[in-house]
Amino acid sequence: MSRVVFERPDALTDMQFSYCPGCTHGIVHRLVAETLDELGIEGTTVGIAPVGCSVLAYEFFGCDMVQAAHGRAPAVATGLKRALPDNVVFAYQGDGDLASIGMAETVHAATRGEKITIIFINNAIYGMTGGQLAPTSLPKQVTQTSPFGRDVDNDGFPIRVVEMLSTLDGVALAQRVTVDTPKNVRAAKRAIKKAFEYQVDGVGYTIIEVVSTCPTNWGLSPVDALQWMRDNMLPYYPLGVYKDVKADGFANVAEAATARAAALAAGNAPASEGGEA
Amino acid sequence: MKGNEALAEAAIRAGCRLFFGYPITPQTELAAYMSKRMGKAGGVYLQAESEIAAINMVYGASAAGKRAMTSSSSPGISLKGEGISYMAGADLPGVIINVQRGGPGLGGIQPSQSDYFQATRATGHGDFHLIVLAPSTVQEMTDYVYRAFDLADEYRMPVMILADGMLGQMMEPVVLPEPKTEFPAKPWAVTGHKGERTHNIVNSLYLAPERLEETNIERFERYAKIKATEQLAEEYLVDDADIVVVAFGASSRIARSAINKAREQGIKAGLIRPITLWPFPADAISAAADRAKAILTVEMNMGQMVDDVRLVVEGRIPVEFFGRAGGIIPTPAETLAAIERIAASLEGGAR
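As you go down the protein sequences, you meet chains A and B in turn. To convert, note that position 274 of the first sequence is 274 in this note's numbering; the numbers rise steadily by one, no gaps. Start counting at 1 in the second sequence, then tack on 1000, and there's your number in this note's numbering.
These are computed hints drawn from the structure, not numbers from a lab. As the structure is a prediction and not an experimental result, all values here were calculated from the model. Beta carbons are placed, not taken as given, at the ideal position from N, Cα and C, and that holds for glycine. Fair warning: there could be bad hints in the mix.
[Unchecked claim] In silico PhoX-like cross-links for lysine-lysine, where the CA-CA straight-line distance does not exceed 25 Å:
| no. | chain 1 | residue 1 | chain 2 | residue 2 |
| --- | --- | --- | --- | --- |
| 1 | B | K1002 | B | K1040 |
| 2 | B | K1194 | B | K1225 |
| 3 | A | K193 | B | K1194 |
| 4 | B | K1180 | B | K1040 |
| 5 | A | K189 | B | K1186 |
| 6 | B | K1036 | B | K1180 |
[To be verified] Here are some, though not all, of the chain A residues that point toward chain B, as calculated from beta-carbon distances under 8 Å:
| no. | residue |
| --- | --- |
| 7 | A69 |
| 8 | G156 |
| 9 | W228 |
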């Protein structure tokens, strides 16, 4: 008797991915689809595809899908979730979409504590348009529009997205993962699944940043791209949990925010918030 | 009731249960009313972080199959242009209120009709139209927004109410419509497939040009049907009129006063008030051009709708324009003077 030990998740369609060889979008799509399968929520989930390399994600996920204008996915997700509070809503966004043109929508959906899940692919470059400077491109990183390397005097500094969002009271879970090794893929899967579980339980806004590669626009082989990511991106964008209100002992963001406000008022804030070290 | 509040109440009675706004004068009473009332109606009021976010929230809520609305005034409508184009491209219904103020730029906060081009020509990028309804009384604000939701659902496209600061701030008695209880099915909506169908996709991207052209052609076939069946205009003393004034919204009220004065002087003037600015009521104006000797458009701008009137008239009779801009409402006296000038030139001519 043969036994199936590995197959395509039900929540992925039969469409062939449009991604370049070695791109990690495919792995992350799979992790999201496995999560929808395991939680049994594909039928109640609405996903949002961004503008960018993953624009065709609406063809790949089997759940109902919406394509959003560049950067507007969190606002579209807000409208969907407010219209369908019992459904699961996720947006899949890249770094240009989320952290540049859509930063206002990102920050405000997070601070409102919208009960949505954001899967954020950070590969430090605009992929679809051919490799331009992104809000997360590293200092000195050469791109099509920073041909002499990112000059922080001119271009400013990269944004550490989950660190920034973790300061907002509406955020239930903000975590950074990567998918360069089987171990890290499994850890990323756990994080993504936790984010969807938090949404189902109404805990608050959840975001999982996946530090990713772009072999094509970085001009590296897939293997070298993963090594470049480890050597250059992970030191700048350390993996880890930046906020997890349930791990902190709270049922949801409202409880966590109340406790934080009380601590600040009582002068018991951590040093990072102006309290005594 | 104040015009802005009547718009809000009628929208709720039309089944709108999601409203996304952003503060801007002179439409803010609408959002304030919604913030008080929507919760009690079992709906969602949310102040968005921007007009851009607000229209995208409407996009999301409409994609979910719900009746949703946003409102703003001129500069804010410019920001919504992107989202309105995406709604048109994804064939999503939705209602957008523009309580116009003077422009361009930050302009002013006084009433204006200077967004006629934007509403009827180029609200956003790409080949598309909105249905645009132009109320001239608070009662019409109520009736048209109520109708707008049905039109939006029927034709799967955004509908705009093009009001202005005068109508928004004005108080008049209103008969409110009964709350709607029945709504059309939306099998295309993204509500979760529940394992009962393949996934629905709300999308405006078509990378193959042939496919994108097909969607445009299908949409313009719908537009042709709308042009054939949905043109609306009110006519006042047009049948025997030598001079037909064409004016919409607030300026039609001033035009009506001026026409009454002109009639007292023996000048045969009449009024066509376009109710639908898109589809433009070409049939009514074309018929008038066959009977009348001249047309005068009266607008609160530098002359926008006059272009559409000239396209319809095709040179059969003279088409003149009178307007005030910058938020200035033309007076009945100066509008009458414009009618008198045309009357004098008709008498002096070789007719």
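### Query
Is B:K1036 within 25 Å of B:K1180, Cα to Cα?
20 Å, holds
Would you mind confirming whether the straight-line C-alpha gap from B:K1002 to B:K1040 stays at or under 25 Å?
20 Å, holds
Chain B contact restraint for A:G156 - C-beta distance below 8 Å = Hint violated; A:G156 Cβ to chain B Cβ min 22 Å, cut 8 Å.
> With a cut-off of 8 Å, does the beta carbon of A:W228 approach a beta carbon of chain B closely enough for the hint to hold?
Replying inline: Where the cut-off is 8 Å and the nearest Cβ of chain B is about 30 Å from A:W228, the hint is violated.
Should the hint that A:A69 touches chain B count as held when the rule is a Cβ pair under 8 Å?
Holds. Min distance 5 Å.
Given the hinted pair B:K1180 and B:K1040, is their alpha-carbon gap at most 25 Å? 16 Å, holds
Take the C-alpha atoms of B:K1194 and B:K1225, compute the straight-line distance between them, and say whether it is at most 25 Å. Distance ~35 Å between B:K1194 and B:K1225 Cα, so the pair is violated.
Requested in this report: Mind checking the alpha carbons of A:K189 and B:K1186 for me, to see if they're no more than 25 Å apart?
Outcome: Violated, at roughly 35 Å.
**Item:** Holds or violated: A:K193 to B:K1194, with C-alpha atoms at most 25 Å apart
**Value:** Given pair A:K193, B:K1194 holds - Cα atoms ~20 Å apart, limit 25 Å.
In this structure, the earlier hints numbered 2, 5, 8, 9 are contradicted, and the remaining ones agree with it.
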